[in-house]
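Trainee: Next come the chains, spelled out residue by residue.
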Amino acid sequence: MDGRKPRADAKLRNLPPDQRTKLTDWLVDGGLSYKEAKDRLAAEFGLNTSVGAIADFYAKECWTLRFRKARGVADEIGGILSETPGAFDEATITAISQRAFELAVAKDGDPKDLIMLMQALGDTKRLAIEQAKLEVSREKNAQAAERIALEGKKVDLMQVKAAEAVLARSSEIVAIASDSGLSSQEKVNRARQLLFGAPVDGKEAA
Amino acid sequence: MPLTDREILIRRAILKVLSECGDYLLLENLLFDAAMLKVPQLRKSEFAVALSALDVSDRVQSVHGERGDRWRITANGKADLDRQD
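Read top to bottom, the protein sequences are chains A and B.
Under this note's numbering, the first residue of the first sequence is numbered 1, with each subsequent residue one higher.
Under this note's numbering, the first residue of the second sequence is numbered 1001, with each subsequent residue one higher.
Keep in mind that the hints are not guaranteed to be accurate.
[To be verified] Straight-line Cα separation of at most 30 angstroms, BS3-like style, residue types lysine-lysine; simulated pairs: (1) B:Lys-1078 x A:Lys-38; (2) B:Lys-1038 x A:Lys-69; (3) B:Lys-1044 x B:Lys-1078; (4) A:Lys-22 x B:Lys-1038; (5) A:Lys-38 x B:Lys-1016; (6) A:Lys-22 x A:Lys-35; (7) A:Lys-35 x B:Lys-1016; (8) B:Lys-1016 x B:Lys-1038; (9) A:Lys-22 x A:Lys-69; (10) B:Lys-1016 x B:Lys-1078; (11) B:Lys-1038 x B:Lys-1078; (12) B:Lys-1044 x A:Lys-69; (13) A:Lys-187 x B:Lys-1016; (14) B:Lys-1038 x A:Lys-11; (15) A:Lys-35 x B:Lys-1078; (16) A:Lys-187 x A:Lys-161; (17) B:Lys-1016 x A:Lys-22; (18) B:Lys-1078 x A:Lys-154; (19) A:Lys-11 x A:Lys-22; (20) A:Lys-69 x B:Lys-1078; (21) A:Lys-153 x B:Lys-1038; (22) A:Lys-153 x B:Lys-1078; (23) A:Lys-140 x A:Lys-187.
[As the list claims (entries may be wrong)] To spell it out: a stretch of chain B is covered by chain A in this simulated footprint if at least three of its residues, at any positions, have a beta carbon under 8 angstroms from a beta carbon of chain A; those stretches are: (24) 1020–1026; (25) 1029–1041.
Hints were generated in silico from the structure; no laboratory data involved.
Even glycine gets a Cβ: it sits at the ideal position worked out from N, Cα and C.
This is chain A alone, in the form it adopts within the complex (with noise of 0.2 angstroms):
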């Protein structure tokens, strides 16, 4: 034995991996304040420490990781809004990403805050989505209306080539027309083939 004192955080750094780990969890993502970390270690490890031994361990093993996950959450942050392309500017980006850091450092910082920063991202994700859609439908409905403007077009070219076909051959259509030795049918067929010629499938309407 040197007879020094051991140090207050000697129990906090020799805990089991896992108790170590939900420690850090507790004091980085949960936010707990030391007394919280303290009661809750009594609690469920059974663990008796001081407040001093928690702000020693948070010192020395928490901070670097909580300023970390900080960036970490900034940049994700900073992600999403970039990929909502004209959404936000880059300055915007910058701000907002800036403003999710010092949420997520802030010790007593308000998680709800950023978690309604993160929604209203989702939000606005969600909303360029629904944008997205609603522009692909746009687009389709736009190629319906023209293939429709040219369906017309093609009716109205036909009915115009029939009218003419009719006139320059009025005196046989109506020879036709005229023929009762031939059923309604037979007239039509050879109206049709007078004006168009023979059907494109070669059959003839019965």
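Got chain A sorted already, so can you dock chain B onto it with the hints?
Mentor: Then chain B, alone, in the frame of chain A:
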């Protein structure tokens, strides 16, 4: 006049904290809280002196905002820290 060990410790703590922030700025009060974790019984006055000295020597830079000054480490500050590590 050469720096005392404590002055060196405080300056190093400030640089170390800011280096963990990457490109993000850190509010001065949060910087103080974090530096306090590394320097026992850190006083606001000695923190302010160290921060000012680092600012003058271009190791850190500040941006003034509504909620107070925010700080970030400069390339010189990072180089200093790397040399010390």
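Trainee: Decide, hint by hint, whether the structure agrees.
Mentor: Going down the list of hints, with the structure as the test:
The straight-line distance between the Cα atoms of Lys-1078 (chain B) and Lys-38 (chain A) is roughly 36 angstroms, outside the 30 angstroms bound, and the hint therefore fails. In summary, the hint linking Lys-1038 (chain B) to Lys-69 (chain A) is supported, as the alpha carbons are separated by about 19 angstroms, within the 30 angstroms threshold. Our distance criterion of 30 angstroms between C-alpha atoms is met by Lys-1044 (chain B) and Lys-1078 (chain B), whose separation comes to about 23 angstroms. Taken as a hint, the Lys-22 (chain A) and Lys-1038 (chain B) pair is honoured in the structure, with Cα atoms around 23 angstroms apart against an allowance of 30 angstroms.
The hinted pair formed by Lys-38 (chain A) and Lys-1016 (chain B) meets the criterion: a straight-line CA distance of about 28 angstroms does not exceed 30 angstroms. With a C-alpha separation of about 16 angstroms, the suggested pair Lys-22 (chain A) and Lys-35 (chain A) falls inside the 30 angstroms cut-off, and the hint holds. Our distance criterion of 30 angstroms between C-alpha atoms is met by Lys-35 (chain A) and Lys-1016 (chain B), whose separation comes to about 27 angstroms. Straight-line distance between C-alpha atoms of Lys-1016 (chain B) and Lys-1038 (chain B) comes to about 10 angstroms, which keeps the hinted pair within the 30 angstroms bound.
For the hint pairing Lys-22 (chain A) with Lys-69 (chain A), the CA-to-CA distance comes to about 16 angstroms; that is within 30 angstroms, so the pair holds. A hinted pair counts as satisfied when its Cα atoms are at most 30 angstroms apart, and Lys-1016 (chain B) with Lys-1078 (chain B) qualifies at roughly 9 angstroms. Between the alpha carbons of Lys-1038 (chain B) and Lys-1078 (chain B) the distance comes to roughly 18 angstroms, so the proposed pair stays at or under 30 angstroms and holds. The hinted pair formed by Lys-1044 (chain B) and Lys-69 (chain A) meets the criterion: a straight-line CA distance of about 27 angstroms does not exceed 30 angstroms.
Straight-line distance between C-alpha atoms of Lys-187 (chain A) and Lys-1016 (chain B) comes to about 99 angstroms, which puts the hinted pair past the 30 angstroms bound. Of the supplied pair hints, the one linking Lys-1038 (chain B) and Lys-11 (chain A) holds, its CA atoms being roughly 20 angstroms apart against a limit of 30 angstroms. A hinted pair counts as satisfied when its Cα atoms are at most 30 angstroms apart, and Lys-35 (chain A) with Lys-1078 (chain B) does not qualify at roughly 35 angstroms. Restraint check: the Cα-Cα separation between Lys-187 (chain A) and Lys-161 (chain A) comes to about 20 angstroms, which is no more than 30 angstroms; the hinted pair holds.
Of the pairs offered as hints, the one joining Lys-1016 (chain B) and Lys-22 (chain A) holds, with about 26 angstroms between alpha carbons and a cut-off of 30 angstroms not exceeded. With a C-alpha separation of about 73 angstroms, the suggested pairing of Lys-1078 (chain B) with Lys-154 (chain A) is violated against the 30 angstroms cut-off. Straight-line distance between C-alpha atoms of Lys-11 (chain A) and Lys-22 (chain A) comes to about 15 angstroms, which keeps the hinted pair within the 30 angstroms bound. A threshold of 30 angstroms between alpha carbons decides the hint, and for Lys-69 (chain A) with Lys-1078 (chain B) the separation of about 20 angstroms falls inside it, so the pair holds.
This hinted pair does not check out: Lys-153 (chain A) and Lys-1038 (chain B) have alpha carbons roughly 81 angstroms apart, beyond 30 angstroms. Between the alpha carbons of Lys-153 (chain A) and Lys-1078 (chain B) the distance comes to roughly 72 angstroms, so the proposed pair goes past 30 angstroms and is violated. A distance of roughly 44 angstroms separates the Cα atoms of Lys-140 (chain A) and Lys-187 (chain A); the hinted pair therefore is violated under the 30 angstroms criterion. Here's how the stretch 1020–1026 of chain B fares: 6 of its residues keep a CB closer than 8 angstroms to some CB of chain A, so the rule of at least three is met and the hint holds.
Only residues whose beta carbon comes within less than 8 angstroms of a beta carbon in chain A count, and the stretch 1029–1041 of chain B has 5; three or more means the coverage holds.
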